[in-house]
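Chains as they are written, first to last, in the working numbering: chain A, 1 to 318; chain B, 319 to 611; chain C, 612 to 861; chain D, 862 to 1289; chain E, 1290 to 1530.
If you're looking for bench data, these hints aren't it; they were derived computationally from the structure. For every residue, glycine included, the Cβ atom is placed at its ideal position computed from N, Cα and C. Careful, some of the hints might be misleading.
Said to hold, decoys possible - Each computed DSSO-like pair below joins lysine-lysine, with the alpha-carbon atoms no more than 27 Å apart:
no.	chain 1	residue 1	chain 2	residue 2
1	B	K601	A	K303
2	B	K498	B	K410
3	E	K1469	B	K410
4	D	K1286	D	K994
5	C	K799	B	K601
6	D	K1286	D	K1185
7	D	K994	D	K1247
8	E	K1318	A	K312
9	B	K483	E	K1415
10	D	K1089	A	K132
11	D	K1218	D	K1204
12	E	K1345	A	K303
13	E	K1398	E	K1415
14	B	K498	E	K1345
15	D	K927	D	K1204
16	D	K1185	D	K1259
17	C	K668	C	K619
18	D	K1040	D	K994
19	E	K1415	E	K1469
20	D	K1213	D	K1259
21	A	K6	A	K312
22	E	K1345	E	K1318
23	D	K1247	D	K1204
24	E	K1503	B	K498
25	D	K1259	D	K1041
26	C	K631	C	K799
27	C	K779	C	K668
28	D	K927	D	K1218
29	D	K927	D	K1171
30	C	K799	E	K1318
31	D	K1041	D	K994
32	C	K779	C	K742
33	E	K1398	B	K483
34	D	K1286	D	K1218
35	A	K312	B	K410
36	C	K742	C	K619
What the hints assert, rightly or not - Derived coverage of chain B by chain A (criterion: at least 3 residues anywhere in the stretch with Cβ under 8 Å from a Cβ of chain A; other residues may be distant):
no.	segment
37	327–334
38	411–421
39	482–492
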Amino acid sequence: MTNDRKLLLLCLGVLAILFALQFVLSSYLVLALTRILILSVFAMGYNILMGYTGLLSLGHAMFFAAGLYASGLASYYWGVPLGWAFLIGIAGSAVVSVIIGLLALRTEAVAFMIVTLMFSQAAFLATLHFSKITGGDQGLTLPTEARSFDLFGLVLDMTHDGTRFNIAFTVFAVVLLLTYVATRGPFGRQLVAVRGNPGRTEMLGFNIYIVKLMAFTLSGTIAGTAGALYGLMFGYIGSSFADFQNSIQPLLFTLVGGPGTLLGPLLGTALMTMLIDRLSGLTTAYLIVVGVLLIVMTLWAPKGILGTIRDKWARWLN
Amino acid sequence: MDIAPYLLLATLEGLVQASVLTLTALGLSVVFGTMRVVNVAHGEFFMLGAVGAWVCAMLMPGPPWLGFVTALIVAPAIVGLLAAAADWAILKRIDYDPEATIISTIGLMYIIQQVVLMTFGPNAQAVDAPFYYTIRFPWFGYSSYKLFIVVAAIVLVFALWRLMKGSRVGLLMRATQYDKDTAQNFGIPVDRVYSGVFAVGAMMAAIAGVLVVPNQQAHYLMGHDPLLLSFVVVIVGGLGSIPGTIAAAVLIGLSDGLLSVFFTPTLAKIASTLLVALVLVFKPEGLFGKATR
Amino acid sequence: MAELSLLKTRGLSRHFGGLKAVDDVDFDLGQGEIRAIIGPNGAGKSTFVSLLSGRYKASAGTVEFLGQDVSSLPAFRRVRLGIAYTFQITNIYTAMTVLENVSVAAQSRLKPNIFGHRHVTEATIEEEAAKAAATLGLGDMLDVVAGTLAYGHQRLLEVAMGLALEPKLLILDEPTQGLSDSEIENFKDVVRKINETATVLLIEHNMDVVMSLAERITVLDRGQILAEGTPAEISDNRAVQAAYLGEAAE
Amino acid sequence: MKKSALLLPSRRSVLAGMGGAAALLAAPGLVGRARAQSGDVIRLGAPFHRTGIGASYGRWYEQTAKAATALINEQGGINGMQVELVIEDDGTDPKRSVEVMEKFSAEHNVDAVFGTLFSHVVAATAPRAGELKMPYFICSESHALASGAFNRYVFQPSITDVKSQVISMAPWISDNLGKKVTLIYPDYAFGYDHRDNFTAAIEAQGGEVVADIAIPPTETSFTRYFPKIPFSTEVIYHVMVGPGVLTFVKELGEHLGSQGPELFGFIDSLEAVQLDIPQLSFLEGSHFWEGNPRYAQADQTDFDAFYREKVGVDENGAAMGDPKNVSTYAHMFSVWETLYAMKAAMEMADYKGPDQKVAMLEAMESIQGFDASNAFPQGQKVFNGKTHQSFGHQYISKVVDGKLEVQHTTSIEDTFYPDETDYTKMSF
Amino acid sequence: MSVTQFKVEGFNTFYGRSQALRDFGFELKGGEVLCLLGRNGAGKTTALQSVMGTVKPASGQLMLNGENLFGLPAKEIPRRGIGYVPQGRRLFAELTVAENLEIGLQTRKAGREVLDYALDLFPVLKERMDQRSGTLSGGEQSMLSMARAMCVDPLVMMLDEPTEGLMPSAIASIREALVKLRASGVAILLVEQRVDAVLPIADRVAFMDHGRIKAEFGIDEVRNDLSLLHQYVGVSDKAKA
């Protein structure tokens, strides 16, 4: 109990600092932080599945893209207001997650990884194939007039950097707290039980398929939320968001930060995003660093930064 | 064009693709069969073979076939050494944990790609075929080199089969595959066998890369497609089953050629990708594999 | 005693390839009993109870629990009906604490609303879990990470998880394996206590435990029931002795 | 409707206590450096495709940009200020490109950004440029700009868009090669521009497209598509990009043999590829569109010779001293010329710093065109201030002895089509 | 030819935190059969695996003819002359009989005469050389597993419940082979649960419980006092009475 309270306080503290950073950082870093927050949401969604439930998916770009396309296409073709488009994005990714989850969860371990990879690849190809609708690889640019919306009389303009940061911050905060709630208490206990020992959990009377499916759906929907947010905020939807590299991204972020820790995805996303950003000015081959890190993490720190800290010093840092 | 020559062409193309695919996928399959790990960097070994062929062609004076033959020997050898080193430096240390292996070979994939980008550069590079002769059918011409690929693949598959079934090394490999602990109990150096198998798997891909490059070009991102297709083949054929892998490679190579007659190619790719996913979901032992237990 | 039937099997079989691990077993268990299943290695004891608990699917035959045919139910549903199973090879959440381990089981029984805590609070779950742990003598180890426990304590934790389910039928698969003599004594008391509320089905090699706990004993050999009776009857049964000691001992 | 920035807290309300946290995150170099002084230097953001599918182009775009910048600085810079290039890799990736645009704007504080080639990267980046109010000069051939899909900050002042190229090719093709055309193009946006515009253009000439074959850009083997080419085909019009193109051209040759239909291709397929290699021998006698002739022609202008020398390219379009290292000559002139176009606009507006951004853009819109010169070595340009698009000569070359010889140069008027948008009506 | 001296001392083996072997040890000479008896879970199999190096003991000594093999890589143990018949036979089921034997032969590069010797003990295998070993009957599989271990040309032979689940006739031929093996000077460690399987051939009997050897008797002692068996094997006296 007190452990959970400690963690909650830490989260609130982190949120306070994040909010305050917009007054301190240079405008570029505020922009970068906006992106980091959205990608952290993506990684937090991934973490629910990989970190807390122990299921390693190689296809989360599919869910990100589901949110991105559902919201973006609704806005582009039907002029749905942004708020509604955002909700459509979330709903779209939820539907995709349930369907893929029902199928993919019939497999385990390596087969699960490959099945998610294959479904995701098919989804990526579909965004190319139906280019008449999706714009294919060139994608679609949301018109400027579709980029602002009216919230209870308050006009929020997505092309404004400050607005964008604060919306990203709000969504991040909501998802962080949602993850906090979902990974503690009865639901969280189910997830961790499935991760720790699925066979035993079934013999304690849990329907682990349903537990996994709930985790999968939650995970995919959060990833889709990030996708919807990304598309609407930056006004562009394109198939490169559905490609393999975008599936590796949340895996890498989570792995670096610490799978199964609440704040690991944020830490991993921030570190990796800034690292890649700095490196791309220095070397053409910044992906090499990603490669080296993936190997280094699996070899020496499979539990990531926060995971290692948790195991060594602070067990409450879950 | 009439339907008959159309089908003839599709069949020829399918056979060529099946040959390359067989070699590449067999490499993946042998590794999975023995070590129970999936090597995501497999496509990069293919790419390294192709790039190696280009380097050999650059450095070898004399006629193109000389460079080609050199490449056929040198490129797989270097790739094999690299793979053995990767096995020793990474896979062994994570104890061949299947999931950790996938993650770290993804890392390896990026590293190889980027190192090639930094050294070899971003351009697609052509390599001369060892010989030029176009077989002229009444309706179209066809490269004799492509048919050579088919022959070479058959020879190589036969050689692999002999290695596995007829040699002492093959016996040790198979014993390790069936029961690692007992193999150790009979003095079989399991870690050396693993390194060897990983190297042989990579070499198969590299040879396929060398064979393919006079036909296509070497490019640092060319490993992606062979990797995905090999996945498809290995899964449809039944993980780790060599005859299944060959059958699936021929099936998929041929059907890919024929499918594109009727569907748009992207749609055909979507269909085959979904097929793989569904095979894994509903018939995880593969279409040609037998159910275990 | 005149028992109400709790569980019965008819023609229950399980084949692995050509091997008949469990072969056409008719088995009846009354409510409130402590029943032991004994038999030589490979007799099919573990397979048999796995069929009861639903871990394995039967090749043929039926399992009836409290008059309901549960043959086609998945394991977790049988657990919810009240069949709890503790594993022969310790099967716990090694990364969690003792309390967290047992809490998973307690939660399964208490069925809280998964997001809210309307009916059952987190405190209740942990209270119940702590109670079950205390019954097995693990009361002062609640915050110990299970994987670091001594083997004997891990065995007890395994049983505590079964107990926290408050099952109608508790299946214990070789629970005393690896326990010290004093732990075994304590364990016998625990089983008797469990038996106040639940029927106990015990697979056990330690004949001392079997003889002092079981009201009836079923002997399995080569997948079939060789004998069934009170401890005294079984002790005198020559076939049982043969199965255990072999012809040479006669 | 007045757009509110209510969610943006005032910058004056900086909390003193946050300084520590800021220092922590803002490791050296992370906080955007403040502009030393307005007007001391002009910084231009140059996002090039150093990696990814466009990498062979990116390398030459970078080299060209550096050469042009050096020359401009030698000649005294722009309005007395030296030009500084800030080069970033966008990985030919739309996502990364948007981030790079932000980095240019917010961190590097550049005056303008230029040089993006691949159209999907442009499509993702252009809206962000508009939001950041960052002048964005593209070198992409994309028709999206002239069709009105972008915003007032985006310009294409040098290279002619695909629609113009295609329109100007069609009459020559139907007059000289044949009227029954089979199109082979990549199955994505760039290819659709070709398909749609060419189909319309050839029909206007009384010709027809007898088949169109879309090939996925990831394809590595092409022979199986060729049976779809009808026997009645007189001309095969092919345009492919990506690493597989050489295979494509080679397999096309093998398939058709010597008695096949005429070939007309876009040089995009063979940019950065040697023409005089045995695999391509069958291309002898076929025709290509070139944005700028790769091989120095008999009537080479002094401008072209000057440009070649400065960029370090020999008369065969390869790097000096390395005949195998072939440039992307047909496209990369646009980087050179775009820099000079920006220079012209800045000089017209007497540009001293970002405060005059709008003036500079308005100056750009007011430009009518450019004369052939060392600054515009590809030739004369007509610039349309409304559509932000430039129009220029196009070249049709024939492969003769493994070299491209210009057969026909279109007039600039051949590339015109009715305006589809008017950016000057948009607000800044 | 000197007599083989084999000695295991102070083995402590852990699975995670739980200790499977506690100061486990025994001594064995060439031409001697030591039987290790004990209940399920007493640690018998762990003990053999610890000797073979497939399970790594935390501490101990493993002396074979004066050389300490402890801590050598697992593949080196059989090469020094320890043959092993694992529990459940562990044949390479997809390989033929001949191939299984070949793997035994290559362990110490033993000559063909070793193979002939093994096949003479189990002539039934001769007819099955090209058959996949997974298709053999249970008894034949046990024989093959033992023949494979003999192909190592071992100084020490360790067998883990070789007669489990076998018909009496198969048990007899394995027993017969063991007798011949003993006569040829091999040191034999035989792990069993069934007392009757070992009494006829054992020289000594050791009882194992909780990962350690609780008691050791000469075979005559055991024959004279069968109650010893019941005490240690776990069938209580009451059951016997």
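Results of checking the hints against the structure:
1. For the hint pairing K601(B) with K303(A), the CA-to-CA distance comes to about 33 Å; that exceeds 27 Å, so the pair is violated.
2. Distance restraint check for K498(B) and K410(B): the Cα-Cα separation of roughly 14 Å lies within the 27 Å cut-off, and the hinted pair is therefore satisfied.
3. Of the pairs offered as hints, the one joining K1469(E) and K410(B) is violated, with about 42 Å between alpha carbons and a cut-off of 27 Å exceeded.
4. Our distance criterion of 27 Å between C-alpha atoms is met by K1286(D) and K994(D), whose separation comes to about 16 Å.
5. Restraint check for K799(C) and K601(B): the C-alpha separation of about 47 Å exceeds 27 Å, so the hint is violated.
6. With a C-alpha separation of about 48 Å, the suggested pair K1286(D) and K1185(D) falls outside the 27 Å cut-off, and the hint is violated.
7. For the hint linking K994(D) to K1247(D), the alpha-carbon distance of about 18 Å falls within 27 Å, and the restraint holds.
8. Proximity of K1318(E) to K312(A) is assessed by CA-CA distance (about 49 Å); at most 27 Å being required, the pair is judged violated.
9. A distance of roughly 21 Å separates the Cα atoms of K483(B) and K1415(E); the hinted pair therefore holds under the 27 Å criterion.
10. Restraint check: the Cα-Cα separation between K1089(D) and K132(A) comes to about 23 Å, which is no more than 27 Å; the hinted pair holds.
11. Between K1218(D) and K1204(D) the CA atoms are separated by roughly 13 Å; this keeps the pair inside 27 Å, and the hint holds.
12. A distance of roughly 25 Å separates the Cα atoms of K1345(E) and K303(A); the hinted pair therefore holds under the 27 Å criterion.
13. Between K1398(E) and K1415(E) the alpha-carbon distance is near 21 Å, which keeps this suggested pair within the 27 Å criterion.
14. Only pairs whose Cα atoms come within 27 Å are accepted, and K498(B) paired with K1345(E) is accepted, the gap being roughly 16 Å.
15. The suggested pairing of K927(D) with K1204(D) holds, with an alpha-carbon distance near 15 Å, which does not exceed 27 Å.
16. Distance check on the hinted pair: K1185(D) and K1259(D) sit about 21 Å apart at the alpha-carbon level, within 27 Å; holds.
17. With a CA separation close to 16 Å, the supplied pair K668(C) and K619(C) stays within the 27 Å bound.
18. Only pairs whose Cα atoms come within 27 Å are accepted, and K1040(D) paired with K994(D) is rejected, the gap being roughly 46 Å.
19. For the suggested pair K1415(E) and K1469(E), the alpha carbons sit about 19 Å apart, so the restraint of at most 27 Å is met.
20. Annotation: proposed proximity of K1213(D) to K1259(D) is violated, straight-line Cα distance about 46 Å (limit 27 Å).
21. For a cut-off of 27 Å, the pair hint linking K6(A) to K312(A) stands: about 17 Å separates their Cα positions.
22. For the proposed pair K1345(E) and K1318(E), the alpha carbon gap of about 24 Å is at most 27 Å, so the pair holds.
23. Of the pairs offered as hints, the one joining K1247(D) and K1204(D) holds, with about 20 Å between alpha carbons and a cut-off of 27 Å not exceeded.
24. A threshold of 27 Å between alpha carbons decides the hint, and for K1503(E) with K498(B) the separation of about 33 Å lies outside it, so the pair is violated.
25. About 20 Å separates the Cα atoms of K1259(D) and K1041(D), which keeps this hinted pair within 27 Å; it holds.
26. Only pairs whose Cα atoms come within 27 Å are accepted, and K631(C) paired with K799(C) is rejected, the gap being roughly 33 Å.
27. Taking the CA atoms of K779(C) and K668(C), the gap is near 21 Å; set against the 27 Å cutoff, the hint holds.
28. For the given pair, K927(D) sits about 23 Å from K1218(D) by alpha-carbon distance, which is consistent with the 27 Å threshold.
29. Between K927(D) and K1171(D), the direct Cα distance comes to roughly 10 Å. Compliance with the 27 Å bound is thereby established for this hinted pair.
30. With a C-alpha separation of about 43 Å, the suggested pair K799(C) and K1318(E) falls outside the 27 Å cut-off, and the hint is violated.
31. Pair hint K1041(D) plus K994(D) does not hold up; C-alpha atoms about 47 Å apart against a cutoff of 27 Å.
32. Between K779(C) and K742(C), the direct Cα distance comes to roughly 18 Å. Compliance with the 27 Å bound is thereby established for this hinted pair.
33. With a C-alpha separation of about 20 Å, the suggested pair K1398(E) and K483(B) falls inside the 27 Å cut-off, and the hint holds.
34. Pair hint K1286(D) plus K1218(D) holds up; C-alpha atoms about 17 Å apart against a cutoff of 27 Å.
35. With a C-alpha separation of about 25 Å, the suggested pair K312(A) and K410(B) falls inside the 27 Å cut-off, and the hint holds.
36. Our distance criterion of 27 Å between C-alpha atoms is broken by K742(C) and K619(C), whose separation comes to about 31 Å.
37. Counting residues of the segment 327–334 of chain B whose CB falls under 8 Å from any CB of chain A gives 0; the rule of at least 3 is not met.
38. A count of 7 residues in the segment 411–421 of chain B with a Cβ less than 8 Å from any Cβ of chain A is obtained; the coverage claim is therefore met, three being the minimum.
39. Here the segment 482–492 of chain B counts 0 residues with a CB under 8 Å from a CB of chain A, which misses the bar of 3, and the coverage is violated.
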